[in-house]
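There are 2 protein chains.
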Amino acid sequence: MKKLPRKIITRVLLYIRTLEGLLKEKRYLVSSKQLADITGLSDVKIRKDISNFKKVGRPRIGYKTVDLKRTLENYLLQNNKLHLVIFGAGNLGSAILKYPGFHRSKVKLVAAFDASKAKIGKMINGVRIYPVERAPEIIKRRHADIGIIAVPKERCQEVADYMVLSGLHGIVNFAPCSISVPAKVQVRNMDFTIEFLSLFCDIQK
Amino acid sequence: MKKLPRKIITRVLLYIRTLEGLLKEKRYLVSSKQLADITGLSDVKIRKDISNFKKVGRPRIGYKTVDLKRTLENYLLQNNKLHLVIFGAGNLGSAILKYPGFHRSKVKLVAAFDASKAKIGKMINGVRIYPVERAPEIIKRRHADIGIIAVPKERCQEVADYMVLSGLHGIVNFAPCSISVPAKVQVRNMDFTIEFLSLFCDIQK
DNA sequence: TTTCAATCGTTCCAAATTTCACAATTGAAA
DNA sequence: TTTCAATTGTGAAATTTGGAACGATTGAAA
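First to last, the protein sequences are chains A and B.
For the first sequence, position 112 matches number 112 in our numbering, and the numbering has no gaps at all.
For the second sequence, position 177 matches number 177 in our numbering, and the numbering has no gaps at all.
These aren't lab readings, by the way, just hints derived from the structure by calculation.
If you're wondering where the values come from, they're calculated on a predicted model, not measured in any experiment.
One or more of the hints may lead you astray.
Because identical chains share one entry, a pair is satisfied inside a single copy or across any pair of copies.
Straight-line distance between alpha carbons at most 20 Å, and here's what the computed PhoX-like set of lysine-lysine pairs gives [claimed, not checked]: (1) Lys119 to Lys81; (2) Lys153 to Lys24; (3) Lys54 to Lys7; (4) Lys153 to Lys26.
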């Protein structure tokens, strides 16, 4: 299948999260209109996103929650599991380690790395903290795909370089700074302050 | 000036953050190409974003860092300061309270609210934790603009309702769930897991 | 059985966004 | 002084995204 734009992928993941929620409430049928009400998106957009996969809805009825979820997951994740590692086990790192995200079965944080001797060997939410030097070895052994940066921004580029060296192909950067990496490595930046201010600008006018 | 689309606003905030960094390194001139290298965006896009404001660059020379930063800030923030409150002072809430974002002078977290008796009265990073019931009063007194949701998702909608009731016009939701609010209230969702998985999908193909 | 209302899937069009191409400007070097 | 290379700013083309319209399908009700 053709590669989908990031925007659609992100929305589809939101649908999957929403479908998980509906399943917990034992709602086994759902229409694009209902999904639209929950997510705040338009029903047409949702149908169009879904139609990128295969015909799975039935007119007049809607979608079977279970089937739709499975269809979206199959196309997007293809039975693969995401193995994450995190650099930095401070306040933010610990919070991410304990983040109760959806889709536990597909996403697993497999190791944390920290420079502080005092933290090495400790566990947070079932994940062991290792010295940074062991990152290349552990990343290879655990087949980690993506690394999270949760270190102070002064260390950000240095850690990013080390992540690339260790063989990671994706980086989610929570530090409020830009990093420079080879083109083959994908980066997502999560700067809280930029989000706050951008919302602020929106509501000002 | 005409209201800019959110995408441009977000990028301009990134430029401001970048310019702050350059100033710290005493770099007083910068070209769109250099900004492009740092941020990973294209130089044309950067010039076009900047041209929404006023002519501030000089051909062959580039932009004066200080002037460009001031211009962007003036148009976007207009000397206003952002007052934030946060609901939930658990792991994630504490991490946000300690987040070392840029632009400290314009962004201030003024109060935290938590349901746990044990936390009331404590301070985190200079911010006092209050009982949730005092939110409406404190939000009005401190002129808070935006509220952050950092509570478990089971409490998410309930807290969102309370935030709207308290007079907030913007919500940044860190819980992995959707919330329903009146149209006048703007919401930004920050679901870490969706970010991780969306990056994962990108690097898979 | 026929009609009807709800809903999906899709085509076409409009709007937003990005990229391209290039004229205009400017300091530096010949 | 003249030329040149670097850089800005911008109009137009290209691409992407979102929305409107609508035919097709389907179970329910008359």
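Right, here's what the structure says about each hint:
| no. | hint | verdict |
| --- | --- | --- |
| 1 | Lys119 to Lys81 | neither (27 Å within a copy, 37 Å between copies) |
| 2 | Lys153 to Lys24 | between (39 Å within a copy, 13 Å between copies) |
| 3 | Lys54 to Lys7 | within (19 Å within a copy, 31 Å between copies) |
| 4 | Lys153 to Lys26 | between (44 Å within a copy, 18 Å between copies) |
Checked against the numbered hints listed earlier, the structure breaks hint 1 alone; every other hint is satisfied.
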